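One letter stands for each residue in the lines below.
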Amino acid sequence: MVYTGKIKLKAQGFSDVHDITADVGRVLADSGVSEGLVCVFCKGSTGAITTIEYEPGVVEDLKRAIERIAPEDDHYDHNARWGDGNGFSHVRAALLKPSVTVPVIGGQMALGTWQQVVFIDFDNRPRSRELIVQVVGQ
Amino acid sequence: MVYTGKIKLKAQGFSDVHDITADVGRVLADSGVSEGLVCVFCKGSTGAITTIEYEPGVVEDLKRAIERIAPEDDHYDHNARWGDGNGFSHVRAALLKPSVTVPVIGGQMALGTWQQVVFIDFDNRPRSRELIVQVVGQ
Amino acid sequence: MVYTGKIKLKAQGFSDVHDITADVGRVLADSGVSEGLVCVFCKGSTGAITTIEYEPGVVEDLKRAIERIAPEDDHYDHNARWGDGNGFSHVRAALLKPSVTVPVIGGQMALGTWQQVVFIDFDNRPRSRELIVQVVGQ
Chain D
26 MVYTGKIKLK AQGFSDVHDI TADVGRVLAD SGVSEGLVCV FCKGSTGAIT
76 TIEYEPGVVE DLKRAIERIA PEDDHYDHNA RWGDGNGFSH VRAALLKPSV
126 TVPVIGGQMA LGTWQQVVFI DFDNRPRSRE LIVQVVGQ
Chain W
26 MVYTGKIKLK AQGFSDVHDI TADVGRVLAD SGVSEGLVCV FCKGSTGAIT
76 TIEYEPGVVE DLKRAIERIA PEDDHYDHNA RWGDGNGFSH VRAALLKPSV
126 TVPVIGGQMA LGTWQQVVFI DFDNRPRSRE LIVQVVGQ
Chain B
26 MVYTGKIKLK AQGFSDVHDI TADVGRVLAD SGVSEGLVCV FCKGSTGAIT
76 TIEYEPGVVE DLKRAIERIA PEDDHYDHNA RWGDGNGFSH VRAALLKPSV
126 TVPVIGGQMA LGTWQQVVFI DFDNRPRSRE LIVQVVGQ
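Which chain is which? The protein sequence lines are D, W and B, in order.
To convert a position in the first sequence, counted from 1, into this note's numbering, add 25.
To convert a position in the second sequence, counted from 1, into this note's numbering, add 25.
To convert a position in the third sequence, counted from 1, into this note's numbering, add 25.
Heads up, a few of these hints could be off.
Same chains, same names: a pair is fine if it fits in one copy or spans any two.
In silico DMTMM-like cross-links for lysine to aspartate or glutamate, where the CA-CA straight-line distance does not exceed 25 Å [unchecked claim]:
no.: 1; residue 1: Lys-33; residue 2: Glu-155
no.: 2; residue 1: Lys-68; residue 2: Asp-48
no.: 3; residue 1: Lys-68; residue 2: Asp-102
no.: 4; residue 1: Lys-88; residue 2: Asp-109
no.: 5; residue 1: Lys-33; residue 2: Asp-55
no.: 6; residue 1: Lys-31; residue 2: Glu-60
no.: 7; residue 1: Lys-68; residue 2: Glu-97
no.: 8; residue 1: Lys-88; residue 2: Asp-98
no.: 9; residue 1: Lys-33; residue 2: Glu-85
Quick caveat, the hints were computed from the structure, so don't treat them as lab data.
Predicted, not measured: the structure shown is a model, and the values here were computed from it.
Sequences and hints are given; from them, build the entire structure.
Here it is, written out as structure tokens:
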């Protein structure tokens, strides 16, 4: 059985981190799937999905680490070619990758107590985003 | 068909890398699935799953690269707020991500000859860990 | 329903980035699957799969970021032990990870307009590569 849902949200870019755990849980409940895999996927090349303990301290720490890995004010060939200034966004998204897959057990994601699913918007402007949540199971 | 198994292990933290290929293979054999996907997932926000050639040299090289990306002795807001000293663990885990999904062909993971599935414990203390192995296929 | 296909290509190593979106699409069409998950997986411990806007500028930017994360000319214990000189390749592949999973909707990957699936060859020599594309769905 396959069930596909969507999450819509507005994000501010510049490593804007959104806790989407409850949203994914709602799609999972709608799916009726008890055991299987849920894949959360970011359409677009300037966002990523991962898990983290979603508390303001760690979120800031993660942003700082990402800034070190691909600094916003570096030279980016993408900016030189296209002039949209979001070369850092594309590099960050390619490194962090667009999806995470989580096992579903008893109708719930098998997350740890302090583990949340997050969307990170790496773009350089506010955007409306559509994330795909797909459940495959029984 | 969906089959869920678990791997229990004790890990030491500080980028402790465990080769879990054989353990995943045992769950796969128990599942009876011949073709499908196996998702290996770390419950908790201070561990990650990836693949690597599991030999002591590369394992040390990977640890050194991770230490450069999110140094243990940096400032972390998480530590300032919660005092548990594992801000670096959370950042590393969010960057490396909690799961890897591998195709199953003929009842085996489609790994390369020198490619092993590993769990990396990023916490700052020894812990008992439970990993989820979920197989979806036929 | 499970369908497994392969992509064969020749890659040059040193972060050689290949757009494989059309190849994955062909496997997907062959599978006949309309809704489900497609997992693209690199057999071998010196390659990775991710998504990116595949244009020459961003591709160069990504290569530069990866060179910063795990520089080619650093010391690697792997090289000291095995003498094959590709310690940097193994570290990069373990960090970027071997697979990406993408939802399939209406027989198409749910990619954004400017989002392509890419294979990155991190080895230090030209190689023939075999990637696994596995579709699970209905």
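A quick look at each hint next to the structure:
1. Lys-33 <-> Glu-155: Within one copy only: 5 Å inside a chain, 33 Å across chains, cut-off 25 Å.
2. Lys-68 <-> Asp-48: For Lys-68 and Asp-48, both the intra-copy (16 Å) and inter-copy (19 Å) Cα distances are at most 25 Å.
3. Lys-68 <-> Asp-102: within (23 Å within a copy, 31 Å between copies)
4. Lys-88 <-> Asp-109: both (21 Å within a copy, 20 Å between copies)
5. Lys-33 <-> Asp-55: within (16 Å within a copy, 32 Å between copies)
6. Lys-31 <-> Glu-60: both (20 Å within a copy, 14 Å between copies)
7. Lys-68 <-> Glu-97: Result: close within a single copy only, 22 Å intra versus 32 Å inter.
8. Lys-88 <-> Asp-98: Cα proximity of Lys-88 and Asp-98: in one copy and across copies (15 Å, 17 Å).
9. Lys-33 <-> Glu-85: The answer is within: 24 Å in one copy meets 25 Å, while 32 Å across copies does not.
No hint from the list above goes unmet by this structure.
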